[in-house]
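Take the given structure of chain G and dock chain P to it, following the hints.
Now for the letters of each chain:
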Amino acid sequence: MISFQQVGKTYPDGTVAVAATDLTADSGRITVLVGPSGSGKTTLLRMVNRMIEPTSGSILIDGVDVRSKPAPELRRGIGYVIQNAGLFPHRTVLANVMTVPRLLGWSKEKARERAMELLLTVGLEADHAKRYPFQLSGGQQQRVGVARALAADPPVLLMDEPFSAVDPVVRKDLQTELLRIQSELEKTILFVTHDIDEAILLGDRVAVLNTGGTLEQFDTPSELLAHPKNEFVEGFLGVDRGVRRLSFFSSGAVPLRPEPVVAVDAPPQEVLARKGTQPWLLVVDAETKPLGWLPAQQVPADGDLSRVPAADLVSYGHAFTVEAESLRAALDSAVLSPSSRAVGVDADGRVVGVASVEELVPAIRAAQDGSSPENGR
Amino acid sequence: MNVLSEAWGWLTTAANWHGSDGIPTRFLEHFEYSIEAVLLGALIAFPLGLLTGHTKRGGLVVTSLANVARALPTLGLVVLLVVLIGVKFRAVMIPLVALTIPPILLNTYEGVRNVDPQLTDAAKGMGLRPWQVLWRAEVPAAAPLILTGFQFAAVNAVANTAIAAYSSFGGLGRFVIDGLATTDYGEVAGGAILIVIAAILNLMFFAVLRRVLISPGLQPRKQATA
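From first to last, the protein sequence lines are chains G and P.
Plus 14 on top of the position in the first sequence (first one is 1) and you've got the working numbering.
Plus 65 on top of the position in the second sequence (first one is 1) and you've got the working numbering.
Bound-form chain G, shown alone (with noise of 0.2 angstroms):
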């Protein structure tokens, strides 16, 4: 656990960096401290491994002082990830990774050996262990400072926008990988991004900051998100905040109705009675998965579907998996599709039955009433 206790930075001119703070980074979770540049961020979580000195206030990590060693000695004890990793070019993937435990007096061997086991945990292959950092993407150059701020098995890692500096595809990557990882190692994470949505993403606790550094409210994300204190928090959030939240529901309560689904084999009997009652058929193939939506006055006079034309099928969007998606996922899906019907299915893609965005509707008008989410994420 890192404890901020009234941590506020001043420089000599006068420049308020960080107005006296509380705040506690649960061990084993996730904390984020997101906010515009110049809300002390960074400034924050830099001081927790002595890089910047606070000028008020003490820091302590599960109760003891960061003050009470000397700097360089606190920092092997503490994982440090930053933007573009700054790998030592001189020296290979391997070496690189096996800074921190060298420092610590570690056998070559061991620490050859951890460093090994590392990049596998962080997704690389051995045989990147001998390149040098010139040698790989700005994604896997990120891997390999994560694997680095891991080798010593610290209980704290410090992560200053180590994601920030990558394109959309590869942040998606790195911050699924970095839930995953977490979910092994339940290391106590400080993670400073200017992003909200990764915030949200990763934060199990979110600090947003404002221009000075001062601490607007620190909460869940789907607190922050269904009860921002303020105009600040609700302007950072955006526009879209309410159905950013649902992404914290499962869809297991959304009510999917199987009527509309029909198979392409289906006895045209069966096809023609559906037609009469569905505004709109989901098609699905022998095994259940989705093929389109045919809009009912377009289904055949003779009730045989294997005679319409994939073309003339309407694409469905995108389906969502019940349970493991959430609302968020649900709703989307219901919006995307022309027939205004989400197409659920389950983990292996069979089509469990159809929802329309009025019969989403109780199903999310709970989740924003519930005082608490049903899933963490």
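Keep in mind that the hints are not guaranteed to be accurate.
[To be verified] Sample of chain G residues with no beta-carbon within 10 angstroms of chain P, all distances over it, derived:
hint, residue
1, 51
2, 69
3, 76
4, 147
5, 282
6, 315
7, 319
8, 324
9, 367
[Said to hold, decoys possible] If you only want the chain P side, here are some residues facing chain G, beta carbon under 7 angstroms, derived:
hint, residue
10, 186
11, 187
12, 191
13, 206
14, 282
15, 283
16, 284
[As the list claims (entries may be wrong)] Covered stretches of chain G, as calculated for chain P (at least 3 residues, CB under 8 angstroms):
hint, segment
17, 93–99
18, 104–116
Hints were generated in silico from the structure; no laboratory data involved.
Cβ coordinates follow ideal geometry from the N, Cα and C atoms, glycine included.
Positioned in the frame of chain G, the structure of chain P alone reads:
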């Protein structure tokens, strides 16, 4: 007979390859003086370059000092020093050292100063002490530039050590000066050729040094095509 064949005649005369004024002796002397000049220059310039580059302070002092040293007329300085302090080795060494200081100083300063700040930040943040940040991050990362500075210094030294002969010291310049004095142009040209060979050997030495001292991680083009 043209000068080149005279030079060839001089170079192939067995007598010129023996004794305390023979070619091998002068060659060794030449390198001895050059190496001494580079080492003395490095002793002054390298720590100063590291200090100013690491702290990113004193840039103006460094560049001014280097410019002054560069502006010194080498031969004039030798003559002046001989007049002032007499025919002493120092009279030769001081101008030579002055020539080796600017490239070592400037390249070390610029090299260390321009190391990616993210690298030094990460190094410090991982728990390297300031001294370790300098030697394990900044110096290796700046090594290509630093080595180039040393190479320039050595080139200057090897080329200018010939002036040592002006004040009766050895080295390959001896042949040029003595040849001129006795109008033995074969010896003059032969000496000049030997100085050129010394310069080439020096460059080859640095090419090897570069391969040995500089991490493949800092030689992207070579690696990328390999």
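Hints versus structure:
1. 51: holds (17 angstroms)
2. 69: Answer for residue 69 (chain G): holds, closest chain P Cβ roughly 20 angstroms.
3. 76: Correct as stated: the minimum Cβ-Cβ distance to chain P is 18 angstroms, above 10 angstroms.
4. 147: violated (6 angstroms)
5. 282: holds (65 angstroms)
6. 315: For residue 315 (chain G), whose nearest Cβ neighbour in chain P is about 66 angstroms away, the distance exceeds 10 angstroms, so it holds.
7. 319: holds (57 angstroms)
8. 324: holds (47 angstroms)
9. 367: holds (52 angstroms)
10. 186: holds (6 angstroms)
11. 187: holds (3 angstroms)
12. 191: holds (5 angstroms)
13. 206: Holds: closest Cβ of chain G sits about 6 angstroms from residue 206 (chain P), inside 7 angstroms.
14. 282: It holds, given that the least Cβ distance between residue 282 (chain P) and chain G is near 3 angstroms, below 7 angstroms.
15. 283: With Cβ-Cβ at 5 angstroms, under 7 angstroms, it holds.
16. 284: violated (9 angstroms)
17. 93–99: Held - the segment 93–99 of chain G has 5 residues with a Cβ nearer than 8 angstroms to chain P, which meets the minimum of three.
18. 104–116: Satisfied; 5 residues make the cut.
Violated hints, listed in ascending order, are 4, 16; each of the other numbered hints is respected by the structure.
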